[in-house]
Amino acid sequence: MKGYAGKLLRVNLSDGKISKEEIPESMEREFLGGRGFAIKLLWDEVKKVDPLSEKNKIIFSTGPLSGQLLPSSGKMVIASKSPLTGGYGDGNIGTMASVHLRKAGYDVLLVEGKSEKPCYLFIEDERAEILDASELWGKNTFESQDLLEKRHGKNSGILLIGPSGENLIRISTVLSQRGRAGGRPGMGAVMGSKNLKAVVLRGTGSIPNFDDEKLKEYAKKAYEEIKGKAAYPFWMRQGTMQVFEWCNENNCLPTYNFREGVFEFSKEMDGYVLEKLEVDRKGCPMCNMQCGHIVKDIKGERAELDYENVGMLGPNLGMKTLAEVALLNRMADEWGLDAISLGSCIGFLMEASEKGLIKERISWGDFEGTQRLIREIGMGEGVGALMTKGVKSASEEMGKDSHRWAMHVKGLEVSAYNCHACPGMALAYGTSPIGAHHKDAWVIAWEVATDRFSYNKEKVEKVVEFQRIRGGFFESATVCRLPWVEVSFGLDWYPKFLEAITGYHRDWEELYRIGDRIYALIRAYWKREIPAFDRSWDYPPGRWFEEAPSQGKLKGIKVDREKYDQMLSWYYEIRGWDQNGIPSKETLNRLGLGEVSKEISL
Amino acid sequence: MVEIKFLGYLTDIAGVRKKEVFIESPKPLKDILPPSFPDKNIIILIDGKPGDLETFISPDQSVTIMPILSGG
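Sequences listed follow chains A and B, in order.
Residue numbers 3 to 604, in this note's numbering, belong to the letters of the first sequence in order.
Residue numbers 742 to 813, in this note's numbering, belong to the letters of the second sequence in order.
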């Protein structure tokens, strides 16, 4: 199909074999790209394996919109069987690597096996080599990026891991361009397990589109439309950091390991403080809504901030200034640790210390102690050894009811939204395809605008709708979702883009169906890989049901477990899944996934 | 006195982050906002409860108006 290279590059690190394979047109039609390609490949090829063994595979996947001259298109999905959750794991990352992979003539890079020694991949158009990375091993992501740019040129797409990924810490992610990160459910550890330090991509070709002239015409109008939106100037000043004030106002800021929803030092680290501290800005390729705000941290080093990282390393740990948080965030990026999970792990340790469950003394807001903890977690040493597999595993080891305040779903730590008084968002976390991440459905704004305390079917339908658009379409197309809501860029643009690129018209109804197919296969994957997988895996942390915040306008409010359970049942009904959250045989057949049912014993 | 708080880009439109407006009797919210104020993709909370631009505001109420966002 036009708009795709139609090629997958397969690299086996065990035997050094590198091969090019055709991507069937049926896969392009049925799974679109990005996340869709990733789950199709994992379902077919990665079955019942240890995620950190050489039998696991890591997939770098783009979609038809990736790397195009279109708004916010410089994205790719990195996916694998997750060593953090044991199920499907992925994350998207904005990176030049997306553009270069496409221009090198591939939609997907799949890496399998394990190298005997530290290595990195260098791919330049037709040429692909496995190169020695002994000089890079042990170096942080900033130093490694510098070295690789020196060796291969600044105009390269580079994906890499830090020391934490090398040390197989399961909250390790993949970094690019000194601060862009993607692959929360341990994608960095999967690279580490393969002795794969980095992937360097250089592509000089072009993407074979159906109608380049039409695409250029659309792109020009689309970029202009975005710049003309009333919300655009403010977005450029604060980006996602405007969410900080918004969450504090709405009592959903993660504070003191999600005990509270408001923070007494919020005015020391919100978007207005960011505006004062900002020294530079950066973004993904093709984006005119750059969201990476660079500030000088408390030691004068450059650090890239956005809301999630600030929320989890700031109020969640009781830090008092943005410059301190900037330093912690830079450390997370250097080590290659996912800043969201890291903030959750450290918050968990602070609470454990407060409760006397660990020997170490680490109090809320302890800036020096937090830096020490980041190093220990990155190395898997000291008290950090407890966190090598994330908060779920740590709470299982610790016992003493700590699972009630281990903030995760399915083993993935909750991102920066406290849901004591947001049952719809709690459901969005509960039913996210990768664990507690917000990218598939951020329904908080909708529920605050309507009735945040209700547990109705309309709210459940909204979660599904957002998952279809965000997790289904944007993750598979693969482009950034931010222009859509943040500046009200019209969704009707995307079928037009797709038609100009591929030559086929697909309306939103069909795109929803593709999203449903992708998600059904992801759920089947969870079931196949974890036979005990059932509805209990779709519950948010106990804290949201059992403990209400003591501060703010919404103190005293918590999620009602029985009503949540009712919403979950409605969710399954809407999806066509059984009451354990497994897609029914009829649903799989309807989505063209009939063969799948045999493997999950339906 | 009605206290109105604006969040996000709505501060650009209102020109302030917070203001107090004197009214003698209840009025629709839209009557005490700038004429150019957007009527879509915004959240209006009146004393913490969802409202809209047509909702009548009493002199002692507080209003928060914020944009619809999609998370970080």
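No lab work stands behind these hints: they were computed from the structure.
Only a predicted model underlies this, so the values are computations on that prediction, with no experimental measurement involved.
For every residue, glycine included, the Cβ atom is placed at its ideal position computed from N, Cα and C.
Take the hints with a grain of salt, since some may be wrong.
What the hints assert, rightly or not - Examples of chain A residues lying across from chain B (beta carbon under 8 Å, computed):
#: 1; residue: PRO210
#: 2; residue: ASN211
#: 3; residue: PHE212
#: 4; residue: TRP237
#: 5; residue: TYR309
#: 6; residue: PHE455
#: 7; residue: TYR457
#: 8; residue: GLU488
#: 9; residue: GLU549
#: 10; residue: GLN553
#: 11; residue: LYS555
#: 12; residue: LEU595
Here is what the structure says about each hint:
1. PRO210: Violated, about 32 Å.
2. ASN211: Cβ of A:ASN211 sits 28 Å from chain B, so the hint is violated.
3. PHE212: Where the cut-off is 8 Å and the nearest Cβ of chain B is about 30 Å from A:PHE212, the hint is violated.
4. TRP237: holds (7 Å)
5. TYR309: holds (3 Å)
6. PHE455: violated (10 Å)
7. TYR457: violated (16 Å)
8. GLU488: Holds, about 6 Å.
9. GLU549: violated (22 Å)
10. GLN553: violated (15 Å)
11. LYS555: Since chain B brings a Cβ to about 6 Å from A:LYS555, closer than 8 Å, the hint holds.
12. LEU595: At 29 Å from the nearest chain B Cβ, A:LEU595 fails the 8 Å test, so the hint is violated.
Of the numbered hints stated above, those contradicted by the structure are hints 1, 2, 3, 6, 7, 9, 10, 12, listed in ascending order.
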